[in-house]
Amino acid sequence: MARKPNSSAQTIGLLAALAAEPSVWRHGYDLSRETGLKSGTLYPILMRLTEQGWLETRWEETAVPGRPPRHLYRLTADGLAEARALVAASRTSEQSLGLAGNEAAS
Amino acid sequence: MKYGGFSANRRVEVMRRVALTACPPEDRPWVRAMFAEIDAVEGRWSRLTWVMGAIQFVASRNLGRGARVLAHRLHLAIAFALCASILSVAFYGAEYEGFGIDDDSFIVLAASFAAISLGLIVIARLGSTRPPPFRKA
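Those sequence lines, one after another, are chains A and B. Going by our numbering, 100 is the number at position 97 of the first sequence; the sequence numbering is gapless. Going by our numbering, 118 is the number at position 116 of the second sequence; the sequence numbering is gapless.
Any given hint could be a false lead.
[To be verified] Chain B is nowhere near these chain A residues, computed Cβ spacing over 12 Å in every case:
no., residue
1, 11
2, 15
3, 20
4, 24
5, 72
6, 89
7, 92
8, 94
[Stated by the list, open to error] Here are the simulated lysine to any residue pairs, SDA-like style, with alpha carbons at most 20 Å apart:
no., chain 1, residue 1, chain 2, residue 2
9, A, 41, B, 58
10, A, 41, B, 47
11, A, 41, B, 41
12, A, 41, B, 48
13, A, 41, B, 62
14, A, 41, B, 45
15, A, 41, B, 55
16, A, 41, B, 57
17, A, 41, B, 42
18, A, 41, B, 30
19, A, 41, B, 31
20, A, 41, B, 27
21, A, 41, A, 30
What the hints contain is simulated information worked out from the structure, not anything from laboratory work. Ideal Cβ positions, reconstructed from N, Cα and C, are used throughout, including at glycine.
Working from the sequences, and respecting the hints, build out all of it.
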C-alpha cells in the first residue's frame, strides 16, 4: 500500500517543529537540533516541502563580514493547515496504537 | 582552528566549492544554504557530520541525475539492440558471421541486451527524481 505523502516520522517531526511557531523564520541548523535530523535527511525534506508549496524560504544577510547569508524557512498558510492536520492525525494514530497495545498487554 | 597548516575553514570552503561544482545548477542554492549553516554548528564533530550530510545530499542528487542520463542513453542502446535483432533476422539463413557469433546466438544476445536495457531503464526511471524549483518568499 502506498504511504501518504509527508507522513514519515521525520517529516511529521519537522512539520511539528515548524508549526509550533509558524510566524517565526527558522534556520536549518536550528531545525536540525530541535528535530534531531541530520543535514543529509533534513534538507531533502525541506526541498520537498518547498516544492509542494508548504514552505517559504528567504536569505538572511549576516552582520559578520565574509560570512555567507543564511537560509530561513517557515510554513506557508497552506503548509500550516496541512502540517497541523498531519501532526494531529499522527498523534491520534499514536494514541490509538498505545491503547491497542495496552489492551493487548492486559 | 588549524590542522597541518590548512585551516578547517579553508577545508570547508574547498568542500563547498567542490560540492557546488558537482551538484546540478538547480540544487546550488540548497547546497549554499547547507554550507552557510556551518558557522552556526557547534562542535567539531557536529560540523563534520553536517558537512558529511551536505556531501551525501550532493551525491544523492548526482545519482538521480546520472540515472536520468543513463536512462536517456539506454534508449539509444535499446534502439541499437532492436535494429541488430532485425538485421540478424534479415541475415538469418545467410552465412553471416558478424562479430564471430552465429545468427541464433546473435538474436538471443540482442534480445537479452534489449531486455536488460529495458530493465535498467525502468530501474533508472524509478531511481531518478526531478529536483524541485527553488522557491523564494
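Which hint numbers doesn't this structure obey?
5, 20
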